[in-house]
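Asker: Quick note: our numbering has the sequence shown finishing at residue 978, numbered continuously throughout.
Rather than coming from a laboratory, the hints here were simulated on the basis of the structure. One or more of the hints may lead you astray.
What the hints assert, rightly or not - DEER-style ranges, computed between Cβ atoms:
hint: 1; residue 1: 339; residue 2: 311; range: 38 to 46 Å
hint: 2; residue 1: 400; residue 2: 948; range: 14 to 22 Å
hint: 3; residue 1: 914; residue 2: 946; range: 45 to 53 Å
hint: 4; residue 1: 744; residue 2: 871; range: 41 to 49 Å
hint: 5; residue 1: 311; residue 2: 500; range: 43 to 51 Å
hint: 6; residue 1: 442; residue 2: 562; range: 40 to 48 Å
Built from N, CA and C at the ideal position, the CB exists for glycine as well.
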Amino acid sequence: ISDQKPLGCWSLKHGQILTCPVVCNFETHEYIAVHDDKVLRIWKNEDINLDKAFKATLSADVYRIHSLPDGGPVVLFRGGGVRTLDVLLEAPQQEIENVISDEVIRWSGAFMEGQQPVLIFTTEKDGDFFVYVQKPKLSSLHKYKLGQQESSKPLCFTAHITNQTATLLCLYSNDSVYQVLIPLQQDTEEEEEEEILSKSLLLNFSVPGTVLKGTSLVVLDKDHVAVLGSLAVPGKEPRECLSIWNTKFQTLQTSKELPLGTSGQLWCYEEKFFLVHGKVLTVIMYKCETSSLAAAVGKLKDSQNPDCVSSFVNWNTLENEELVVSFQSQERVALKAESRMNLRSRRSTVAKVQPETLSVGQLLLNLKDASTYVLETELRQLMSKAPTPDLQATIGCVVSALTDRCKRNPKYYPQNFLLEIVETRDLSYSLCPDLMAVALEKKDMHLLQICLERFPDIPEEITYACLKAFLSISEAHLQNIDVNLDSVICYIDVEFDNKEVKTEIVENGFSAKMDQDMCDTKIPKETQSWSDGESCPVGLQKAALLNAVLHSAYTETFLLPHLKNLPAQQAILFLRYLYYLYVKCSEKVNTTLPGIRSPTINQIMDWMCLLLDAHFTVMVMLPEAKELLSNLHKFVRAQVRFYSELNKIEGSLRELQRLNHLRESQTYSIEVLEII
């Protein structure tokens, strides 16, 4: 989400429909989906074709799958039956009991009570609402009826478990939140009549002059809830907003308008809100601490009181500039909004201010005009003292401080310091988005190479900019630049004068005489030096830089528009190098290049296809590219023929392998196999 990069995509067949949200099994790192109500699919991240993934057809319709970090997946069926995934996979066609009759499930949630998973779900029938509590591993089931509320009905539910008691929070249409306590330790004997649960008013969304119509509710901790809804002001159109409330003291802690609108759904995970704002997924970080009455009503005098409430909220995707906002000066609520609709621009996370200790932001502000020596000394100390949870964010702030000074002072560029940070720290592009832009401006090829190799979330625009810079820089200039050659030194032989030694190439299934009649094109003389595919068209340094680009992750949809802007001569040079790598890979039986971080055959093929898609029309028209395309065509066709011939004898080879297993080790024999 920090780089808006799709990491995997799987499609169903035409006519198949996903009927419940896909979840991740935390124990096995597998994805679990249900399509067409009864068909269960399980696959891993490296699986490409969903059709070939594990498939199991169940005997009943699935309502929802819940995945617990310590308890494994739990499956809830539309009839109210519950099974753990392990039990279900032992016999997918096992009969699933119908727990509910003529009731419709409205909400469900899964929790852990000690070592036991607990599933709670609510149902509705003729205006009445019911609550079910199931412990699938103990075959325990309890049903309750929710007491009615005059002239209002539940809109949404959420729950949490504390001290063997489930707390169910219900958001009603009368703009109030009610609390229902459900004891989890019950007698095993079944009760003749269902128990009616009593509820108590927890929170009323009454703000002077406004009415909050909530649509989604999540629990943050024992004293705070977040509500997504619309704020209605008399005489004005309702405005959607996200708000945090203190349930202990019935106070509004903070709120933020969402002008682009939402889907009405709010998720909360690991102190982050997830919501759809406009057409983008927005992620907002927050932190709630122990509340006190003085803090809740804005009368707190001692700012160092450890019991005060401080709700840190990072509105990093909702503002246009960095600022600190206080919605009410009396409240002890700090809101840090770091900006930009695009999540790639996230520079740091919100850090808690320790008593008598400067925050990272304040320290960097104080060092803004410090000397170079003082700045780098203080930054090194800051990184060495950074607490573990905030280490990455702190290092991101350090790099941002250095790049900001580079922008203000063109003569300042701490190359060695930046290289040291990138090589020794676990950074990403999102934490220091200006670093590679500054490196491109300074033409620091070594730093760009390291970033391409280490950053997992580089935008396609920056990847293209690096590729263009690597192709345009002269070989003579690269001779004076320190570049990591580990990815090329093992398969490009070099003499003392840095000229490549031509070696005889014997490609798998390729004969130079095989397809001479394929193309009758006359080739310009200047292209003869690389037409045989034996010599590398670029020097060692440039090859190492291009290999770093090949290793960088990308999404074809985002990269292709940028590649189309690559100058034709540079595109041809890059394709020559890719063709050279392709031939080199084909020399090896396992199609693997030697060396550290050398390109794989899949990376080479993907980039060749991408480059041809972007520039095929131009290359067909250019005389200097004709032989390259012709040789590439010949080579690929020869490879296809070779593997096609291997496929023809695949059955015979398997039979030979089978006979080898059957043969006795002490017996001598002569066998004749007829290949048809």
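Asker: Against each hint, give a clear statement of whether it holds in the structure.
Answerer: Results of checking the hints against the structure:
Separation of residue 339 from residue 311 is about 23 Å and departs from the stated range, judged on CB atoms against 38 to 46 Å. The hinted range of 14 to 22 Å is not satisfied by residue 400 and residue 948, whose Cβ atoms lie roughly 55 Å apart. The supplied range of 45 to 53 Å is broken by residue 914 and residue 946, whose beta-carbon atoms lie about 22 Å from each other. A beta carbon spacing of about 25 Å between residue 744 and residue 871 contradicts the range 41 to 49 Å that was offered as a hint.
Between residue 311 and residue 500 the CB atoms are about 48 Å apart, so this pair conforms to the stated range of 43 to 51 Å. A hinted range of 40 to 48 Å for the beta carbons of residue 442 and residue 562 is consistent with their spacing of about 45 Å.
The structure does not agree with the numbered hints 1, 2, 3, 4 stated previously, though it agrees with the rest.
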